[in-house]
Every structure is written in structure tokens, then in C-alpha cells.
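Visitor: Protein chains in written order, with this note's numbering: chain P, 4 to 313; chain L, 4 to 313.
Just so you know, not all the hints are guaranteed correct.
Heads up, the list lumps identical chains together, so a pair's fine if it works in one copy or across two of them.
Claimed, not checked - List of simulated lysine to aspartate or glutamate pairs, EDC-like, C-alpha gap at most 16 Å:
| no. | residue 1 | residue 2 |
| --- | --- | --- |
| 1 | K297 | E77 |
| 2 | K180 | E122 |
| 3 | K180 | D121 |
Derived by calculation from the structure, the hints in this document are not laboratory data.
In this text, all values refer to a predicted model and were calculated from it rather than measured experimentally.
The chain contents come next:
2 protein chains.
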Amino acid sequence: MTERVTANLFRTRLDEVAAATETTLDTLLSPLVRPGEIERPARLLEAMRYSSLGGGKRLRPFLVVESARLFGAEGEGVLRAAAALEMVHCYSLVHDDLPAMDDDDLRRGRPTAHKAFDEASAILAGDGLLTYAFDVLADGATHKDATVRADLVLGLARAAGLGGMVGGQALDLEAEKATAPHQPQAIMTLQAMKTGALLLYAVEAGARIGGADADQRAALVKYGRALGACFQVADDILDAEGDEAALGKRAGKDAGRNKATLVSALGLDAARERRDMLAIDAIEALEEGGFGEKAAVLAEAARFTAARRS
Amino acid sequence: MTERVTANLFRTRLDEVAAATETTLDTLLSPLVRPGEIERPARLLEAMRYSSLGGGKRLRPFLVVESARLFGAEGEGVLRAAAALEMVHCYSLVHDDLPAMDDDDLRRGRPTAHKAFDEASAILAGDGLLTYAFDVLADGATHKDATVRADLVLGLARAAGLGGMVGGQALDLEAEKATAPHQPQAIMTLQAMKTGALLLYAVEAGARIGGADADQRAALVKYGRALGACFQVADDILDAEGDEAALGKRAGKDAGRNKATLVSALGLDAARERRDMLAIDAIEALEEGGFGEKAAVLAEAARFTAARRS
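For reference, chain P alone in the conformation it holds in the complex (with noise of 0.2 Å):
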């Protein structure tokens, strides 16, 4: 495939899993209670309705998805893991936006959660998303097989848990605070942490429904992990040199704030020189996992990472 077809094959497929995760997350999100549910607040679930539609270019859902495709597994089930994956991220977007954590009034250029609601209802429709996750993972309807759930739900927690992306939070924070200048070790842990492990479990989310072989995964765990680096370090980059229109959010405030970055650990040259190669290192690992053209869109998504500009 040339370089342009694919760039639009990769194009398509992404708007097209945007909006099957938001016709997904709608069902999910719907006033319909389930069994073991007593009843749902019609506030509360507007909150995680609005911190969880309508946004964002849904990279994590597609990652599950195209992942899943490698082994022809495509459906309901795994759109359902997508979605789930999807609510704990917008869950760490909103309690990462409070007050007493970034403090941030916009995301996507709305208000944010506890701007459009209050602050508690911020938490609560967190809280509510987060949980909600493991809900629709641990159903029957996310897969046949109760192994494959169980371990979907074992893998999500362990990659947005302590050890996982609450962890790189909490680093981060810590971090803003230090008077020391941040070690470019550091900040790659943080960041595997905070973004990487939730990138990561998306592949290996896709891997696990589909049924991939030991090479296959590793080869995925490859891929997820580069990406990962690769689309925190291009975050990076664009808020040092990012305009705040183009983001939603405002930009340079990484810099005001102490944030721990690889561009500030780095320097900018450097910082782009490590996105570049790590978006090659992921395109490699597809080509040693044997995916062939199955994985030409995965592979886009690398090059996309790096070349984003928004």
C-alpha cells in the first residue's frame, strides 16, 4: 500500500472507531438500569455522560479494536472493552483536572468537568466511570469466555492502579514539586506510568480477545510500549511548542509549572530525535511480530503519533 492510502486508510478507520466507541459508550451510559443496579441519579450519570462523550480521537478504543482485527476478532465484545478502556481514561482526565490535582477549566476546550457540574460531581462521575469499567469487562457480554474477562479485568487494574497510571500521577505531582532538576530516567517511568500503561493495555487488551500467540503478544507489548513512549514525548513536544487554540487546553503551562517533561529533560532536538525513534521501534515490532498488511493501520497510528499536531 502506498504511504497515502494507508495514511487514509488509518484516517477512516480511526473516525470510524470513534464512533462506534461513542455509540457504545451511549448504550452503556443509558438511563436503562441493570440487574444489581437499585437505581441511577439522573445528575450523576449526566457527568459521566459528559466526561466520557463527545470527545477526544478515541486512540485508546482503536488501539483494542485494530489490535483485536490482527486475529479477525471484531463485535460487540470488543467495541464493549474498547468502551471500557475509553471511561477509565476520561475517569483520569476529570480527577486529573481538579482543583486540588492540575486544576484545569478546560479540556478539549469545554469546561471541565467540575466547571460544567461541581467539584463533587467531578469525583463521583469519576469514581462512577472508573467502576463502571470493570462492570462492563466482567460481563458476560464482553466475551464468552470468563477467563479472557477475568483477565481483562485483572490486566486494566494493574495498568491504571498504584503500580500503574494512579502511580504516575502521584509521581507527577511529586515531581511539580521538586526543586531538583527531573532525571531523564525519571520522567520515561513516570510517563510509562502515567500514559504508557493504559496505551499499553490497549494492545495487549486486543492481543487477549483475539487470541494471540506468545510471539504475537510479546510483539504487541513491543509495539504498545514504543507507542506509548512515543505519543507522551510528542505531548510533550506540543505543549512546549504547542498554541493553545490548536490544543483546547492551555499550552506552555507544562513549563510554569515544574512539570516533569522529556523536552525540558532533554531539550527539544533531543526530545523529538527520541519521538521519531520510538515511533520506529514500534513499527518494527509489528514487522517482527509476522502481522504482514494486517498491521499496516497499527502502523500509521505510530507515524500519526509522532506527527500529530494537536
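Chain L: place on chain P using the hints.
Guide: Using the frame of chain P, we list chain L on its own:
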């Protein structure tokens, strides 16, 4: 068994389960990194330990353990499920105590997590505990059958989510702002969600692990519902009449805040009557389940719930 002997046995079992839960939580919340985790940040781990260790009667773990014991199930797996549920309970206390929520400075006679650490750490410690609960349940060490593990996850997510505990807290905060008097039925729904759902889950989890049949499960569900309702009305009564020293938290705060309680809706006498009736309902449910003498400790838990002074 005489009443005195049963009461003593109950106290002994409650203490035993509390000690075993403490040990299990301590092990789970060690610095040891599990597969799929990257690092356990020291301060976050400390905040999670502070929020979950060293306090409380551990009534929920007790209910898990004693319900499972009805069917001869005991050991590490049961304790892990009990500890997971307690993590969810503890996370809910940490988030409920936040300035944006109930704004409490004291919990069990100690500074609340956001006072002992800071608000961001308290939010993240809560998030970490909630996430970890699902990790523990989904892990093969909790039960060898993945279907049971997936069911335990699904049940906890429904009980703790927007249609259960989190939804109940949202309704509770709304009720505080309401100007119209609180209707008893609305308060009962709110309490069934906020407090009842996790207590009910406790006995359901024990039944699931123990392999209860449909009739036994139905009886335990009836017991769990009555016990949960009894627990909450007893709590309302204690708050209305309690003194600060005995509770380790500010007493009388419900009335000062327009909290939706059954004491304010029914009056103290009717609330006491309801509390005692619910304890009887719970005990009768155990008799209907045909558990005989094996359920004496659970029956005593219902008496204890109605009679407790702190």
C-alpha cells in the same frame, strides 16, 4: 446456644476476621511490585495504607467470611475477596470525607486522609484502592474458577457504581441541598444505594464463593438487605443521639447539614422501631434459609447492628 455464648462467639469471630483482614490488606499493600505494574510510589502507597489499615470493625469482611463459612468455604481466597470489598469501603470514606463532599477532618478518631496527607493524595489513594479491589478479585489467587472471579467483579462493580454506592453518595449530596422535606421512601432508596449495596454484596460474595444454591442465595440476599437497612437507620439514630467521643467523629452533624436521615423523616421513636424490626427480619431470613446453628453468628451480627452504641 445461649444468647451470651452466641454474643461471645460473635465478638470473637468479628475480632478474628478483623485481624485476618488487616493481615491480608497489609500483604496486598506491600511495596512488592506485581506483574504488569511498573513501580509502587512510596507516598501513594502510604496514603492507601493509611486509608485502609488499622481501623474499623471490618463488618463487610466479616459478612463475606461468615457467609462463605456457611458453605464450608474459608481460607486465603475468601479473605482476599473480603479485603477487596473493604478497600472499596475505605476508598468511599476517603472520597466522601473530601472538602468538596462531606468535608470531614476526623474519621475513627484520626485525621482524614486529605488532612493527614493532602487533597490530591487522598483522591489518588481512593482511586488506587478502588482499582486495586478489582485487581484482587480478578486474580487467580482469589478463586480457581474464572467464572466466580468474573461474577465477583461484576457484582462489586454494580454494588459500588452509579446504580449503587456512588449513586447513593450523589443522591445524598443532592438531598443536602434540597429545601423540601425528605420523603422516607427516597431516603430508604438513597441508603440502600449508599450503604446497603456493599453490605448486600458482602453476603452475596460469600454465597458465590461458597457455592450457595438458589434458595440459600435468596435467603442471604434477604438477610443482607435487611441488615444493610438496619445498619443505616442505626447509624442515623446514633448520629442523632450519639456523642462525639464515642463515635470518633463529629456527632449531630447530620441535622446541622440537612442530611437525609430516617430520624428526621420518621422521628426517633419510629426509627428505633424500624431498626429493631429490620434486625428481626434479617434473623428470620436466616431461619428461612435453613442454615440452622451455623448461622448463629450472622444472626448475632444483626442483633449487634441494632444494638451498637458506636
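Visitor: Next, verify each hint and record whether it holds.
Guide: Structure-based check of each hint:
no. : hint        : result
1   : K297 - E77  : within (14 Å within a copy, 49 Å between copies)
2   : K180 - E122 : between (23 Å within a copy, 15 Å between copies)
3   : K180 - D121 : between (26 Å within a copy, 13 Å between copies)
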